[in-house]
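Asks: The chain contents come next:
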Amino acid sequence: MKFLILPFCFLAVFWLALSGHYTTLLLVLGAVSCIWVQRISRRMEIVDHEDYPIHLIPWRIISYWFWLIKEIMLSTWAVSKIILTPKSRIKPKVVWLPVDEMSDLQKVIYANSITLTPGTLTIEAENSRLEIHTLRGDMLEPLERGDMANRVRKLEY
Amino acid sequence: MMDLILSIIRDIFLVTGSIAVLIGAIGVLRLPELFCRIHAAGITDTAGAGLIITGLLIESGFSLVSLKLLVIFIFLFFTSPTSSHALAKSAIHSNVLPVTDLTKR
Chain A
1 MKFLILPFCF LAVFWLALSG HYTTLLLVLG AVSCIWVQRI SRRMEIVDHE
51 DYPIHLIPWR IISYWFWLIK EIMLSTWAVS KIILTPKSRI KPKVVWLPVD
101 EMSDLQKVIY ANSITLTPGT LTIEAENSRL EIHTLRGDML EPLERGDMAN
151 RVRKLEY
Chain B
158 MMDLILSIIR DIFLVTGSIA VLIGAIGVLR LPELFCRIHA AGITDTAGAG
208 LIITGLLIES GFSLVSLKLL VIFIFLFFTS PTSSHALAKS AIHSNVLPVT
258 DLTKR
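First to last, the protein sequences are chains A and B. With this note's numbering, the residue at position 139 of the first sequence is 139, and numbering never jumps. With this note's numbering, the residue at position 18 of the second sequence is 175, and numbering never jumps.
Check the hints yourself; a few may be wrong.
[To be verified] Here are the simulated DSBU-like pairs of lysine-lysine, each with C-alpha atoms no more than 30 Å apart in a straight line:
#1 B:K225 <-> A:K70
#2 B:K246 <-> A:K70
#3 A:K2 <-> A:K154
#4 A:K93 <-> B:K246
[What the hints assert, rightly or not] Some, not all, of what chain B presents toward chain A, calculated at C-beta under 8 Å:
#5 P189
#6 I195
#7 G199
#8 I200
#9 A204
#10 L224
#11 L226
#12 K246
By construction, these hints were calculated from the structure, which means they are not laboratory data. Since the model is a prediction, treat every value here as computed from it, not as a measurement. Positions of the beta carbon are idealized from the N, C-alpha and C atoms, including for glycine.
The shape of chain A in the complex, shown without the other chains (with noise of 0.2 Å):
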């Protein structure tokens, strides 16, 4: 039943907010073409917990991306060092790491994280361990010391 009306409201609220205009026919167009998108949807059986992650606790997702984006910043400073410094060394790393007790969408959350801050780079996904690919190999760090992988275990209810 959530996945009937969630979808529609989300529809509803994404058309409101970039259209702009707020006259009768264009509410109306609007409304008839969220419910049949989200029938054409429905049909195509790919609603399910996976595209409306409702089971993600809210403010967890929040203070996460606002940690992410520190992650970021930290290691684009990191990384644009090592481009700008002449003859800098450079040592890739290729390495595994597990992701065990971790459903599927906190996989995708951690090696798109992964991915996000410089320096690090998901290249292959397997069931329980990630192939990670790193500029120089003390960027690893963080990503060793488990901290990232903490708290995406935490997201989920």
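Chain A is fixed; fit chain B onto it per the hints.
Replies: Only chain B this time, still in chain A's reference frame:
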């Protein structure tokens, strides 16, 4: 007075964002191989775009435009790692493997 402070903060964000994009571009040119270059391109994607959009958010104030900018910001945070990952994966599928010992080249 408030306007002046806001415009200075906005300019700081816009200029640092542009510098981040520039650093990313330099990195793409000067780092040795594909997988290292993806890291440099990542700076343009995340820090560059993020800082510039934050600057524009301050510029636009509280309106529908800033809501759209916020939506772009969120979408970028989902699409940019996906594209980096797709790039790395397709490189491996066409047998371009990451070089871990650069002294051998």
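Asks: Hint by hint, note whether the structure agrees.
Replies: So, going through the hints one by one against the coordinates:
A distance of roughly 23 Å separates the Cα atoms of K225 (chain B) and K70 (chain A); the hinted pair therefore holds under the 30 Å criterion. Using a Cα cut-off of 30 Å, the hinted pair K246 (chain B) and K70 (chain A) holds, with the two alpha carbons roughly 27 Å apart. Between K2 (chain A) and K154 (chain A) the alpha-carbon distance is near 24 Å, which keeps this suggested pair within the 30 Å criterion. At most 30 Å may separate the alpha-carbon atoms for a hinted pair to count; K93 (chain A) and K246 (chain B) meet this at roughly 16 Å.
With 8 Å as the threshold, the beta carbon of P189 (chain B) comes within range of chain A, its nearest partner Cβ sitting at about 7 Å, so the hint holds. Interface restraint check: I195 (chain B) against chain A, minimum CB-CB distance 6 Å, threshold 8 Å, status holds. A cut of 8 Å between beta carbons decides the hint on G199 (chain B): the least distance to chain A is about 4 Å, and the hint holds. Of the supplied interface hints, the one on I200 (chain B) holds, with its beta-carbon coming within about 5 Å of a beta-carbon of chain A, less than 8 Å.
Among the interface hints, the one on A204 (chain B) holds; its C-beta lies about 4 Å from the nearest C-beta in chain A, closer than the 8 Å criterion. The beta carbon of L224 (chain B) is positioned within 8 Å of a beta carbon in chain A (closest approach about 5 Å), and the interface hint is therefore held. This hint is violated: L226 (chain B) has a C-beta 12 Å from the nearest C-beta of chain A, more than the 8 Å allowed. Interface restraint check for K246 (chain B): the shortest CB-CB distance to chain A comes to about 7 Å, inside 8 Å, so the restraint holds.
Taken one by one, the earlier hints fail for this structure only at number 11.
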